[in-house]
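Peer 1: Take a look at the letters that make up each chain.
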Amino acid sequence: MTVMVDTRVTTWKAYSAWANRHRKWLFAAPAMIFVGLLIVVPLAWTVYLSLTDAAGSVRAESEFVGLSNYLKVFGDTERFWPAVWRTFTFTGGAVAAEMVLGMGVALLLWRPFKGEKWVRVAILMPLVATPVAVGMMWRLIFDPNIGFANQLLGWFGIPAQPWLSGQTSALPTLIFIDVWQWTPMIVLILLAGLTSLSEEPDEAARIDGASSWQRFRFVTLPLLRSTVIVAVVLRGIDALKTFDILYATKGKGGGSFHEVETLNVYAFGLSFDYNDYGIASTVLILFFLLIIAIMWIVTYRRKEER
Amino acid sequence: MTDTATTSPVAGRTPGNSTLPGRPARRRPRRPRAYPIFRVVVLTLTVLLFIAPLVWMLVASLKTNVDIYDPDKTFFFTPTLDNYANVLGRNNYFVFIFNSFWVALWSTVFSLILGVPAAYAMSRFTMHRSAMVVLMARIIPGVSLLVPWYFIFANLRLVGGFGVLILSHMFVALPLIVYLMMSFFDSLPTELEDAGQVDGLTPIGSFLRITLPLSVPGLATAGILSFIFSWNNFMFALVLSGANTKTLPVAIFNFVSYASIDWGSLMSAAVIVTVPIMVIALFTQKYVVSGLTAGATKG
Chain F
1245 MTVMVDTRVT TWKAYSAWAN RHRKWLFAAP AMIFVGLLIV VPLAWTVYLS
1295 LTDAAGSVRA ESEFVGLSNY LKVFGDTERF WPAVWRTFTF TGGAVAAEMV
1345 LGMGVALLLW RPFKGEKWVR VAILMPLVAT PVAVGMMWRL IFDPNIGFAN
1395 QLLGWFGIPA QPWLSGQTSA LPTLIFIDVW QWTPMIVLIL LAGLTSLSEE
1445 PDEAARIDGA SSWQRFRFVT LPLLRSTVIV AVVLRGIDAL KTFDILYATK
1495 GKGGGSFHEV ETLNVYAFGL SFDYNDYGIA STVLILFFLL IIAIMWIVTY
1545 RRKEER
Chain Z
866 MTDTATTSPV AGRTPGNSTL PGRPARRRPR RPRAYPIFRV VVLTLTVLLF
916 IAPLVWMLVA SLKTNVDIYD PDKTFFFTPT LDNYANVLGR NNYFVFIFNS
966 FWVALWSTVF SLILGVPAAY AMSRFTMHRS AMVVLMARII PGVSLLVPWY
1016 FIFANLRLVG GFGVLILSHM FVALPLIVYL MMSFFDSLPT ELEDAGQVDG
1066 LTPIGSFLRI TLPLSVPGLA TAGILSFIFS WNNFMFALVL SGANTKTLPV
1116 AIFNFVSYAS IDWGSLMSAA VIVTVPIMVI ALFTQKYVVS GLTAGATKG
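Line order of the protein sequences matches chains F and Z. With positions in the first sequence counted from 1, the corresponding number in the numbering used here is that position plus 1244. With positions in the second sequence counted from 1, the corresponding number in the numbering used here is that position plus 865.
If you're looking for bench data, these hints aren't it; they were derived computationally from the structure. Don't take each hint at face value.
To be verified - Using C-beta positions, here's what the derived DEER-type ranges look like:
(1) F:Gly1453 / Z:Leu914: 33 to 41 Å
(2) Z:Ile1069 / F:Val1284: 25 to 33 Å
(3) F:Gly1410 / Z:Asn1119: 22 to 30 Å
(4) F:Leu1396 / Z:Ser1125: 22 to 30 Å
(5) Z:Pro1141 / F:Trp1329: 35 to 43 Å
(6) F:Ile1277 / Z:Arg1022: 21 to 29 Å
(7) Z:Ile978 / F:Gly1359: 52 to 60 Å
(8) Z:Leu913 / F:Phe1308: 44 to 52 Å
(9) F:Tyr1518 / Z:Asn1020: 36 to 44 Å
(10) F:Ala1263 / Z:Asn1020: 35 to 43 Å
(11) F:Phe1462 / Z:Arg1003: 27 to 35 Å
(12) Z:Asp1059 / F:Tyr1518: 55 to 63 Å
Claimed, not checked - Short derived list, chain Z residues pointing at chain F, Cβ under 10 Å:
(13) Asp935
(14) Phe975
(15) Pro1013
(16) Val1063
(17) Gly1065
(18) Ile1069
Unchecked claim - Here are some chain F residues the structure puts well away from chain Z; computed CB gaps all over 10 Å:
(19) Ala1272
(20) Gln1405
(21) Ser1409
Values in this document were obtained by computation on a predicted structure and should not be read as measured data. Cβ coordinates follow ideal geometry from the N, Cα and C atoms, glycine included.
Kindly generate the complete structure, drawing on both the sequences and the hints.
Peer 2: So, in structure tokens, the structure goes:
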């Protein structure tokens, strides 16, 4: 009996010693295997699918077609290139507006004041609201016939606008919705950056007689650089991938004229409405490369300028 | 000059007013008087702009569809809970509330179990390349994984079950948790762990008994944010959920048909999705904000 207990104790000790020696990989491996299985394998599969004519059903036979999908997509000026253009317009417009407005609000909130807590609570609400619900909410407000937006314009004598249902006004309206939901995120990030700044440089500039604008432009903004870049990168990635509000307001395919069809919406439609998996995978690979390229440019420039 | 600096808001902003001769330099010169008023006005408008649409959603959810279509009843109407009765009663939204909750809960729990030790190892052993692999998941567009997942899970005949949904939401939650916990562990001093090991704990023992209890604020931040993100997620559930496992954001579409929209019910369904998450955010504001801004000041 004693012998058995002893062996058990020694084996337990041996296991424990082994686990502690290898704790680095023991801790990290499960997460990395999970990520590997769920991301690396699917990505590899997407690359493979983009080289085949897989379509129809997931159980259908498919044939290897080489790079012809890529040629087809690159030559597609009807859906693909407009989608690229819309993705850039949407992301660029939304992120630029969010940065400017977010910076303004963050500067106003910077110095403590009475009631600050309430403002912070208020701006947190759009941020945590479910995007699909937000899309539905604005869909009602911007409804051309019964929406409050046109009613408001009517009080000022401005004619009713088509908003989301107009072919040219849909994308700007969606940029507005994105700005409404995500400006608070920029405010919070920039505010965290502002609060962490030391006051001395600003004081020094003030004593040297710099105006408010000069102090912001030449003292605060340069000091806030890295925070601004983090904010742009985080928001930019999400804006490129925007899907929920587009789908909630315009439905499948970004509206009947594809007026808000971004790359993400296009790829989703190809995959799950048309079951055109080969072409969809090609679009996705190109979309993915695009995101990587943008990220690389932003982070590379950042390193270079240091 | 001294007078103009205090009376005229414009002069207060011109260079030179802070270094007035014969006046001791104050640490905090008085700001121009117009600024506080400007600030209050702009911030009030900002708050109004952010909150009004949400209030509008709530108001519309309390109207009948006839009242929603009537411009005379924009502000004055008889509130009714009929829409909520329709959504929760006839359409039995309790099922979808449960689904959303269930998926968010378990994807958060499993992601914490996988992600926290990984974040710890990556932080303590500075495994930057491994961290990059996990963080890649934040960059990849979800659709590019959905196609292969759909292929795999459809072939395994798993589409429509809770397991697939939880797995797919973990894909969102895990990188978030690793990212947040890594920056948390980076800021946690190692002295206490070392002391624990001197007193006879194994490295794993000191992680479990010292580091983890100290990490409760970080764990709360990571857990709450991952729950919110999972609750709000739409695309994965749109493809991978079945009729019985629909989450709330997908179930909202039940009130949108090709021909018409049941606005009253749609708005009350929207309120039902957003209110729980707003209440959570309200009570855990500190954690939510610290999570959303993590990494912003490190550069």
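Peer 1: Checking each numbered hint in turn, tell me which of them this model violates, lowest number first.
Peer 2: 7, 8, 9, 16, 17 and 19
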